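*Asks:* From first to last, the protein sequence lines are chains A and B. Take the first sequence: its position 154, counted from the start at 1, is 656 in the numbering used here, and no numbers get skipped. Take the second sequence: its position 296, counted from the start at 1, is 1716 in the numbering used here, and no numbers get skipped.
If you're looking for bench data, these hints aren't it; they were derived computationally from the structure. As the structure is a computational prediction, the values presented were derived from the model and not from experiment. We put the CB at the ideal spot given by N, CA and C, even for glycine. Errors might be hidden in some of the hints.
[To be verified] Straight-line alpha carbon distances no greater than 25 Å define the calculated DSS-like cross-link-like pairs of lysine-lysine that follow:
1) B:Lys1441 - A:Lys551
2) B:Lys1996 - B:Lys2008
3) B:Lys1901 - B:Lys1688
4) B:Lys1801 - B:Lys1787
5) A:Lys551 - B:Lys1688
6) B:Lys1868 - B:Lys1945
[Unchecked claim] Beta-carbon label-pair distances, calculated as ranges:
7) A:Arg590 - B:Asp2028: 37 to 45 Å
8) A:Arg590 - B:Pro1995: 27 to 35 Å
9) A:His607 - B:Ala1705: 55 to 63 Å
[Said to hold, decoys possible] Computed footprint of chain B on chain A, listed as stretches where at least three residues anywhere in the stretch have a Cβ under 8 Å from a Cβ of chain B:
10) 672-682
11) 729-739
Residue-level listing of the chains:
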Amino acid sequence: MSSEPLPHLRRLESEAIFIMREVVATFERPVMLYSIGKDSSVMLHLARKAFHPAPPPFPFLHIDTTWKFREMIRFRDDAARRYRLDLRVHTNRDGLARGINPFDHGPLYTQVMKTEALKQALAAGRYDAAFGGARRDEEKSRAKERVFSFRSASQAWDPKNQRPELWSLYNTRVRPGESIRVFPLSNWTELDIWQYILAEDIPIVPLYFAAERPVVERGGQLIMVDDERMRLLPGEVPQKRRIRFRTLGCYPLTAAVESDAATLPEIVAEMFAARTSEREGRLIDHDEAGAMEMKKREGYF
Amino acid sequence: MAHRLEGIAGLSAFVAAHEGKSLLRFLTCGSVDDGKSTLIGRLLYDTKRLFEDQLVRLKSDSAKYGTNGSGIDFALLVDGLQAEREQGITIDVAYRYFATDRRRFIVADTPGHEQYTRNMATGASTADLAVLLVDARHGILRQTRRHAYIVSLLGIRHVVLAVNKIDLVGFDQDRFQSIVRDFNEFAAAFRFESVTAIPMSARDGDNVIARSPRMPWYAGPALLDHLEEIAIDGNGEGAAFRFPVQWVNRPDLTFRGYAGTVAGGSVKAGDEVVVARTGETARIARIVTMDGDLPAAETGQSVTLTLDREIDASRGDVLALPARRPEVSDQVAAHLIWMGQEELLPGRSYLLKAGSRTVGAAVTELKHRIEIETFATLAAKTLALNDIGFCNLSLSEPIAFDPYDENRATGSFILIDRFTNATVAAGMIRFGLRRASNIHWQALDVNKEARAASLGQRPAILWFTGLSGAGKSTIANLVEKKLHLMGRHTYLLDGDNVRHGLNRDLGFTDADRVENIRRVAETAKLFVDAGLIVLVSFISPFRSEREMARGIVREGEFFEVFVEAPLAVAEERDPKGLYKKARAGEIKNFTGISSPYEEPLNPDVRLDTTSASAEILAERVIEHLVRAGKIPR
Ligand SMILES: Nc1nc2c(ncn2[C@@H]2O[C@H](COP(=O)(O)OP(=O)(O)O)[C@@H](O)[C@H]2O)c(=O)[nH]1
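Using the sequences and the accompanying hints, generate a full structural model.
*Replies:* In structure tokens, the structure reads:
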């Protein structure tokens, strides 16, 4: 019997598996939010491990704003087929009908096509627990987020009204209508995610790897022109640059970085030399401090 | 740190080294302004966990909110929530992450404010080491004593005494040594495995990442070196094997696996294991993971075990090796840290979650409260938010556990309010009070089903709740008459009558009301066991007690009947003249006047006594029983 403690990635893996099993054992209608990003890929992988040899005993929910990169959608459908997932895709039809889009509507777009859409889908599915891939190291206001984050019947998050979490004794009790968002990757850092993807050889969307792609430079950000809906400003001409993404979302709102990292080890190496946080590429966070906290109070993941 | 990353040959070797890094979880605590946030901010900054965009924000924030003149205020890196930033205080536990090439760290950052006991306990529960900050100018304060006590209570064995702001006392060695002496004097009683005192300036970085040239007299390690090097007994070498079954995995008829995380010791395929609760044994056939079967599993690993034969085990059971079993008991002595907004009511039934098992639990005896500034024990009737006490608990069913000192995972529990679902306490089991290990529950031949069958009915509890004068007894009496006429076997427990006999020793304080209802609920349960339909007519003002009553019988056997009358109406009726007396101050703690009544939110039956006669309302209760299949039409 060795007395060496488990290496840190194994400990994080084991903890995430424990959390997922706890949810399945105590909730009636769990669901896993599947955003197709690297964190979702890791979550899916962990879910397969947690319930092996059974398949993950819950559906996977994707909130499709209709503005995701095409490669993401292809990857999503492949993954669903390969692992025989019960994939459920939801779009805010009403927002779509109103023509809400990322070019004209800024914060309203996020509110309607992401936050509202998520609330609609969670309410319609009567899910009492929803797994999300958020990590505490992503942003300051997340540092105090619980692993089991309690939401009122209106799906609001009240930072003052969260339950203390001691040891690994999670209080999983909710009343009808109330729900819990669960973050199995709470204790992971971005670097852990990449190292784990490397160690476990987890498939991720090819957009994470550097390649020549058509982009425009806008306000110092590189935005990829993923389809003909991209609105070019006067004088803007898409040009091929060698880029990759550190985080994935709606293509008009996701900035790329110039990079030569075309393999996983190269990405990890680049991470160590990195000088900007991944959120830099998420245009959603570029408003004033406390923005994320506001979004969360409203029900954003 | 950049230099720590240099000299690594190949990338894959580097990645492998990282995968193989150990993880240290530690806690930082100190009084307000001791420099805790500054210290953590500095650790993050100096280990390069900061990216350029975060740095830009930090600089602009420093100018806006900073307390460090024109310099960078590292504390702003870690003060998270908007509300707190505005008030300039930290009020919750935050977790921070950084890594060197030797270790990965998780820091629980707990503030020194009012809620400190609750927050500290939360942060300490998962930590292996605590960094206690003191301000070199002020030395050991009452807060320091509290912090050390909580750290030891939660079972942390390694402590760093960080004597901060040493720059403000001129890097004085004597000052440092006298503080260390003071600390050791009172902390000796806690028998920490290691206490490492480090003089430092968090603001300037002295002795944080590297040894400081400004204190040549200090020969010990810098904080980070110590954190990287300290040996933490990762999986409790020599600890007994413990495996709480978390979830039973049954994808098809051919596979039945017990999923869980090893909570102590290790186990090999082929080992014989025992279910602690029943004593049933089997051998481990396979240790299943998606990456293939393992020959062995050790502490912290999440695996799935299959056994060589079918046994009765489910979520909440603990598997152990036969030679070293956990204790099994339904009565334990434990330390409680109270975290609820409402105070502890001895006798009230809470839910207790220990490992993967949740049972009912009540504090039967509060032995004492601990005054954590003096460590004195004081007599107490209750515990309020942030109080710490030592008590006996009685559980609705036996659980398997170890004393907390032997295993933090199997010796800890939380208490949950049955009604609000809030986590109201954290508990550490010190010992079992009665070894129930050898006492087996007698499976009686004549059981509830048999008795009910001979009466030809289905037992149930009809729980009438409502204000005094709402009409509970009137309606309950009518219902009983109707049932009697239908040939049903019944019994009516009425508040006033029971208070003349069984409960005549009880008054009307909150605590007595809780006990009153507990006894009535238990009595009702015995009658249900006897096969009867029991009518309980009690004001029973608290939701928690009614939930408790619902919880002690089987699902579908309990019906809450809310006899509803607005207070003004009940007071107007005042059949016994009690409201008049209460208003005159002659009766204390009178429900509705000077004591609260918590209305049912979701009663099985709601009877609005202002809208229909007692006769019609009683008929409605009968209707409900018919629909629920308790009595034939
Ligand atoms: N001179 C000096 N000031 C310090 C030191 N550490 C922290 N401070 C200052 O003490 C104040 C309180 O620090 P902060 O980290 O917010 O304390 P916390 O309440 O424990 O988190 C701030 O103004 C810091 O700049 C130190 O080592 N030396």
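*Asks:* Now tell me, hint by hint, if it's right for this structure.
*Replies:* Verification of the hints:
1. B:Lys1441 - A:Lys551: With a Cα-Cα distance of about 22 Å, the restraint between lysine 1441 (chain B) and lysine 551 (chain A) holds, given a limit of 25 Å.
2. B:Lys1996 - B:Lys2008: Answer holds: lysine 1996 (chain B) to lysine 2008 (chain B) is near 16 Å, not above 25 Å.
3. B:Lys1901 - B:Lys1688: Given pair lysine 1901 (chain B), lysine 1688 (chain B) is violated - Cα atoms ~64 Å apart, limit 25 Å.
4. B:Lys1801 - B:Lys1787: holds (9 Å)
5. A:Lys551 - B:Lys1688: holds (20 Å)
6. B:Lys1868 - B:Lys1945: Holds. Lysine 1868 (chain B) to lysine 1945 (chain B) sits at ~11 Å (cutoff 25 Å).
7. A:Arg590 - B:Asp2028: 37 to 45 Å: holds (42 Å)
8. A:Arg590 - B:Pro1995: 27 to 35 Å: Violated, at about 58 Å.
9. A:His607 - B:Ala1705: 55 to 63 Å: holds (58 Å)
10. 672-682: holds (count 4)
11. 729-739: Three-residue rule not met by the segment 729-739 of chain A, so violated; n is 0.
Hint compliance for this structure: hints 3, 8, 11 are broken, all remaining hints hold.
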